[in-house]
Amino acid sequence: MATERQERTMQEVNDSGLVGDRPAGLKFVHVEADQAVAYITRLRDVQGYTHLVFFTAIDYIEDSLFRLTYMVHNYDSRQDMGVQVDIPRQGASMESIHHLWPHAATYQRELKEMFGIDFPGSPGVDDSFILEGWTGISPMRREFDTRQYSEQTYFPRPGRVTHDTAAYMKENLYPSEAETW
Amino acid sequence: MKESNMDGLQSTATETEQQLEDMAKEMRLANDGLSEQDKGYFCDVRPHRVEPYKGIMESFANWARSQSLWILGFGTGCGAIELRPLMTSRFDMYRYGIQARPTPRQSCVFIIGGYASVKTLKRIVRSYEQMQGPKFVLGLGSCTVNGGMYWDSYNTINRIDQYIPVDVYIAGCMPRPEALLGGFIKLKQMIREGKCEGMNKYIDDFDWYKANQKQIIHDWNMPDYNW
Amino acid sequence: MNVIMTKAWYTLISLFVITNYGLLLGGTMARVRAKVQGRIGQPVWQPYIDILKNNFKRTGIYHGVMFYLGPVFRLAGGLGTYLFIPAVYGSLVFSNFSFSGDLLLVMYFIFFGQLGMALGAGQSGHPYSPLGVSRGLAQMTAFEVPFALSVIAIAAQYQTLSITEIVAAQQGGMLNWVAFTNPLAMVAGMISFLGMSMGNPFSVVIAPQEIPIGPPTEMQSSFLGMLQTNRAIFNGAKLVLFMNLYFGGATNIGVMVVKTFLIYLYTVIVDASFPRFRTDQSIRFFLGIPALIGIAAVVLQML
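From first to last, the protein sequence lines are chains A, B and C.
Numbered per the numbering used here, the first sequence spans residues 1 to 181.
Numbered per the numbering used here, the second sequence spans residues 1 to 227.
Numbered per the numbering used here, the third sequence spans residues 1 to 303.
Just so you know, these hints were derived from the structure itself, not from any lab.
We put the beta carbon where it would ideally sit given N, CA and C, even for glycine.
Among the hints, erroneous ones may be present.
[Unchecked claim] Going by beta-carbon spacing under 7 Å, a handful of chain A positions derived as facing chain B:
id, residue
1, Phe-129
2, Glu-132
3, Pro-139
4, Arg-141
5, Arg-142
6, Arg-147
7, Tyr-154
8, Phe-155
9, Pro-156
10, Pro-158
[To be verified] Not close to chain B: a few residues of chain A, all C-beta gaps over 10 Å, as computed:
id, residue
11, Asp-34
12, Val-37
13, Leu-43
14, Met-71
15, Gln-90
16, Ile-130
17, Thr-135
18, Glu-151
19, Thr-153
20, Asp-164
21, Thr-165
22, Ala-167
23, Met-169
[Stated by the list, open to error] Going by beta-carbon spacing under 10 Å, a handful of chain B positions derived as facing chain A:
id, residue
24, Trp-70
25, Ser-117
26, Val-145
27, Asp-152
28, Thr-156
29, Asn-158
30, Leu-181
31, Ile-217
32, His-218
33, Trp-220
34, Met-222
35, Asp-224
Throw the hints in and build the complete structure from the sequences for me.
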């Protein structure tokens, strides 16, 4: 049950060319892992997508795979394109693209440290990216419980309470009213 | 009275045999096994307590220390953003005698601004130990008190007073410059009352602090005490 | 014996006055700068409290004999500079140990302090200290050129190397000042004074954001207290020297205070208005126009 203001916002969003939750001009291509680098090379050399915007991973623990997203940009047609590759979570490793863009080595280093995805041959992929002396599992994996780790390792102060401001104000101002949203 | 840390070895002559043995075990040179070139970089002397003066001399010294607080210009976290308005005209910390110095050797107040990740904690410990006593620590923001916003993060510590002694906490996320000035006024009051003996507290509980630090910081590639 | 005792007392009084004056001058100028920036600023007596606090530190890091002697040399340089300049012309108490030829000795002492500091900073082992020292000495060599030329011009003009006689020759009205009888020498000297006081645009030596403070990086507790005391004395000595050389000296303390305050204000105004030169830019600057002005002053005297 959307209010009038929410209806207006959704109309503006549709007019600006959003399809679902993505901009209309942004396309994603799903590629098999063994063809991905060849496809990206073709995008770079033949079709003019010469700029690597970013390269990241999403952990789908329910489907037990990592979805890597390479975002490339074409300066002539001013378009972004996303290439998505699925790799299995166990023994995750992918071909390196540092020969296409040298700065991809840094993204690969980050993914190695944070997710544990190996990129054999990438320069400096085993160097620590942010964490120093980290000996546990890769922290961005969803099976890593960061709250439990923090409570065990970093001496938490007993007696820590959280005050939710909305609940506090409701209790003080309108204690007997039901929630209306 | 003033003591140079290098004279620590001579002053152990009057301690008991057991303590001498313990210290001999600790003073196994930390630079064993390094090349001749690198040996000089590592210091291997434990810190020694320096007692305050007595009576009116200490009161006068504390008054002078409270009127001239030199903070270390090391912005450890997001708290550093609140130090910049302090230096400008509106909140003006210079009228309180507070100046920013770039090196830990010359400063006496260390402001831990905000969260401290494990990486930063190593540098905080190193800088804190290089400061000359008496030295004071201000914990700025809730992250130094109980972890604040990042209490469940795998990379930030929850309580800074497990690793270095803290004199005044200033709660908030971030506290406004007025709150920070209020914290400084509280610190001055405490210094004048003689309650800020963080340096000696660190030396007394040195093993406990070191054990906590080494538990968190895994790649310990620096001396035990960085004077 | 009595003469020596009285002279010793006079020297102590003179040192006492210049130390306090230098410290208060530093504090006052910080307050003036604060008022210009629209804030209240630190109290005028803050330098005293800073020195007291530094001396009350309980620990001190000691890097070796030369490290200890570095501030001592610097203080010796400051004292030596001051004690050979007549602070107040014609006063028994404040004429210090000036003698004929003391102008060259004073120029030597200005350099001497920096050299001692260089040795002390080098032994501290911190990589930024000798970096600051090498910049400082390079800059010092550069600004000595117009300064020395200006001094030669004045010495040739008045046929003497004694500061007292130069001051004596400037008595009797404002038009007798060297500033008006030899303006080229005054301009060259005042530009080199900017380099000597290490304010902008020549502050790369002690650039606080680049190399933490430069030469005094490792100096702490009582070493720093000694350096701060020396800064006051040395500053006062340089101001008095320039007042004597170019602006007619002073016949009583009030005139000395006013003239030195105005000269210091001039450096602070330039300091607040300009950004910083790199070391090679400042060397090129000093060996350019100011050196030419100095050469012109000398040549005019020879004609």
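Results for each hint:
1. Hint status for Phe-129(A) relative to chain B: violated, with the closest Cβ pair at about 11 Å, above 7 Å.
2. Hint status for Glu-132(A) relative to chain B: holds, with the closest Cβ pair at about 5 Å, below 7 Å.
3. Taking 7 Å as the C-beta contact cut-off toward chain B, the hint placing Pro-139(A) at the interface holds, the least distance being around 5 Å.
4. Because the smallest distance between the Cβ of Arg-141(A) and any Cβ of chain B comes to about 11 Å, over 7 Å, the interface hint for this residue is violated.
5. At its closest, the beta carbon of Arg-142(A) sits 13 Å from a beta carbon of chain B; the interface hint therefore is violated under the 7 Å criterion.
6. Because the beta carbon of Arg-147(A) sits about 4 Å from the nearest beta carbon in chain B, less than 7 Å, this interface hint is met.
7. Against a cut-off of 7 Å between C-beta atoms, the interface hint on Tyr-154(A) holds, since the closest Cβ of chain B lies about 4 Å away.
8. For Phe-155(A), the interface hint holds, since its Cβ comes within 7 Å of a Cβ in chain B; the closest pair sits about 5 Å apart.
9. Taking 7 Å as the C-beta contact cut-off toward chain B, the hint placing Pro-156(A) at the interface holds, the least distance being around 5 Å.
10. Contact between Pro-158(A) and chain B, as hinted, is not supported at the beta carbon level, the nearest pair being about 9 Å apart and thus beyond 7 Å.
11. Separation of Asp-34(A) from chain B is adequate, the least Cβ-Cβ distance of about 34 Å exceeding the 10 Å criterion.
12. For Val-37(A), the requirement that its beta carbon stay farther than 10 Å from each beta carbon of chain B is met, with the minimum near 32 Å.
13. Its beta-carbon lying about 35 Å from the closest one in chain B, Leu-43(A) satisfies the requirement of being farther than 10 Å from that chain.
14. Distance to chain B confirms Met-71(A) as a non-interface residue, since its nearest Cβ pair spans about 26 Å, more than 10 Å.
15. At the 10 Å boundary, the C-beta of Gln-90(A) stays outside the reach of chain B, the nearest C-beta of that chain being 22 Å off.
16. Non-interface status of Ile-130(A) relative to chain B is broken: a Cβ of that chain comes within 10 Å, the nearest being about 7 Å off.
17. Once the 10 Å rule is applied to beta carbons, Thr-135(A) is inconsistent with being away from chain B; the minimum gap is 6 Å.
18. Not every CB of chain B lies more than 10 Å from the CB of Glu-151(A), the least distance being 8 Å, so the non-interface label is violated.
19. At roughly 7 Å from the closest C-beta of chain B, the C-beta of Thr-153(A) falls inside 10 Å, breaking its exclusion from the interface.
20. Interface exclusion of Asp-164(A) from chain B stands, the closest Cβ pair being 14 Å apart, more than 10 Å.
21. Taking the minimum C-beta to C-beta distance to chain B, about 13 Å, the non-interface status of Thr-165(A) holds against the 10 Å cut.
22. Interface exclusion of Ala-167(A) from chain B stands, the closest Cβ pair being 18 Å apart, more than 10 Å.
23. For Met-169(A), the condition that its CB be more than 10 Å from all CB atoms of chain B holds, with the nearest at approximately 18 Å.
24. Residue-level restraint check for Trp-70(B) is violated (minimum Cβ-Cβ distance to chain A is 29 Å; threshold 10 Å).
25. Of the supplied interface hints, the one on Ser-117(B) holds, with its beta-carbon coming within about 8 Å of a beta-carbon of chain A, less than 10 Å.
26. Because the smallest distance between the Cβ of Val-145(B) and any Cβ of chain A comes to about 7 Å, under 10 Å, the interface hint for this residue holds.
27. For Asp-152(B), the shortest C-beta to C-beta distance to chain A is roughly 4 Å, which falls under 10 Å, so the interface hint holds.
28. At about 7 Å, the closest approach between the beta carbon of Thr-156(B) and any beta carbon in chain A falls short of 10 Å, and the interface hint on this residue holds.
29. Nearest Cβ of chain A to the Cβ of Asn-158(B): about 4 Å, under the 10 Å cut. The hint holds.
30. Look at Leu-181(B): its Cβ only gets to about 26 Å from chain A, farther than 10 Å, so that hint breaks.
31. The closest approach between the C-beta of Ile-217(B) and any C-beta of chain A is roughly 7 Å, which is under the 10 Å cut-off, so the hint is satisfied.
32. Because the smallest distance between the Cβ of His-218(B) and any Cβ of chain A comes to about 3 Å, under 10 Å, the interface hint for this residue holds.
33. Given hint, Trp-220(B) at the interface with chain A, holds; its Cβ is 8 Å from that chain's nearest Cβ, closer than 10 Å.
34. For Met-222(B), the interface hint is violated, since its Cβ never comes within 10 Å of a Cβ in chain A; the closest pair sits about 12 Å apart.
35. About 17 Å separates the beta-carbon of Asp-224(B) from the nearest beta-carbon of chain A, more than 10 Å, and the hint is not met.
Hints 1, 4, 5, 10, 16, 17, 18, 19, 24, 30, 34 and 35 from the earlier list are contradicted by this structure; the remaining hints agree with it.
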